[in-house]
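Novice: Now for the letters of each chain:
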Amino acid sequence: GAVVSQHPSWVICKSGTSVKIECRSLDFQATTMFWYRQFPKQSLMLMATSNEGSKATYEQGVEKDKFLINHASLTLSTLTVTSAHPEDSSFYICSAPGQGESEAFFGQGTRLTVV
Amino acid sequence: KQEVTQIPAALSVPEGENLVLNCSFTDSAIYNLQWFRQDPGKGLTSLLLIQSSQREQTSGRLNASLDKSSGRSTLYIAASQPGDSATYLCAVRRGGATNKLIFGTGTLLAVQP
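Those protein sequence lines, which keep their order, are chains A and B. FYI, our numbering numbers position 5 of the first sequence as 5, with every residue one higher than the one before it. FYI, our numbering numbers position 11 of the second sequence as 11, with every residue one higher than the one before it.
None of these hints come from the bench; they were simulated from the model. Small disclaimer: the values here were computed from a predicted structure and weren't measured. Some hints here could point you the wrong way.
[What the hints assert, rightly or not] Examples of chain B residues lying across from chain A (beta carbon under 7 Å, computed):
id : residue
1  : Gln-34
2  : Pro-40
3  : Gly-43
4  : Leu-44
5  : Leu-49
6  : Ser-52
7  : Ser-53
8  : Lys-100
9  : Leu-101
10 : Phe-103
[To be verified] Keeping only pairs whose Cα atoms sit at most 30 Å apart, straight-line, the calculated DSSO-like set for lysine-lysine is:
id : chain 1 : residue 1 : chain 2 : residue 2
11 : A       : Lys-55    : A       : Lys-14
12 : B       : Lys-68    : A       : Lys-41
13 : A       : Lys-14    : B       : Lys-42
Every residue gets a Cβ at the ideal spot worked out from N, C-alpha and C, and that includes glycine.
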């Protein structure tokens with residue numbers, strides 16, 4: 001099946017710094033990718049839809065200036081958490097939808113800890 | 001706005017028992033529904049995908065059903081094993097311009113040896 005690779009799998013950063021997370025579709029092209037956030041013992045919440053060659057679409061309540069999304073190619077989307085704070089500590093996971101009736105494919109997720 | 005709910009939130013069963021996990025959604029205009037498994041601190045593993053035109057899908061000891069008109073799906077796990085212990089998530093996909101997954105609240109399953 002299709003593979004989505006997410007990097008890094010975990011990162012610890014100091015408060016106030018920025019962190020970039022990459023999401024790559026390895027064997028297929030993805031014009032759209034989705035970024036989710038999951039707090040402990042909670043379900044996945046959609047943050048934004050990444051669109052290749054255009055601006056991302058953010059869900060209500062998600063700060064677009066804090067969570068910068070870039071989808072510069074058909075196989076790569078990046079999420080940058082700017083000026084990270086401890087409350088941004090979470091599990092971030094990306095997804096690329098399959099074509100037609102295919103299933104959605106997920107990256108391995110990134111555990112972000114801001115200290 | 002689509003809302004997806006899973007019941008129960010947590011479930012503990014002895015090994016060998018058959019069990020059913022429930023997923024309900026408020027908007028029946030879905031493209032498909034997907035069941036996932038998530039181990040602690042890990043990503044998602046896709047289990048079964050049911051298209052809106054289908055009634056059920058089977059894979060090994062897993063069987064998922066879909067009743068779109070009533071907004072319900074069930075995941076049936078036969079002869080449960082300790083290795084089945086994980087969080088199970090259902091997600092619905094609307095398709096079209098809003099081709100994104102909306103996740104349920106999850107069911108934490110513990111299978112006791």
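Novice: If you check each hint against the structure, which ones fail?
Specialist: 2, 6, 7
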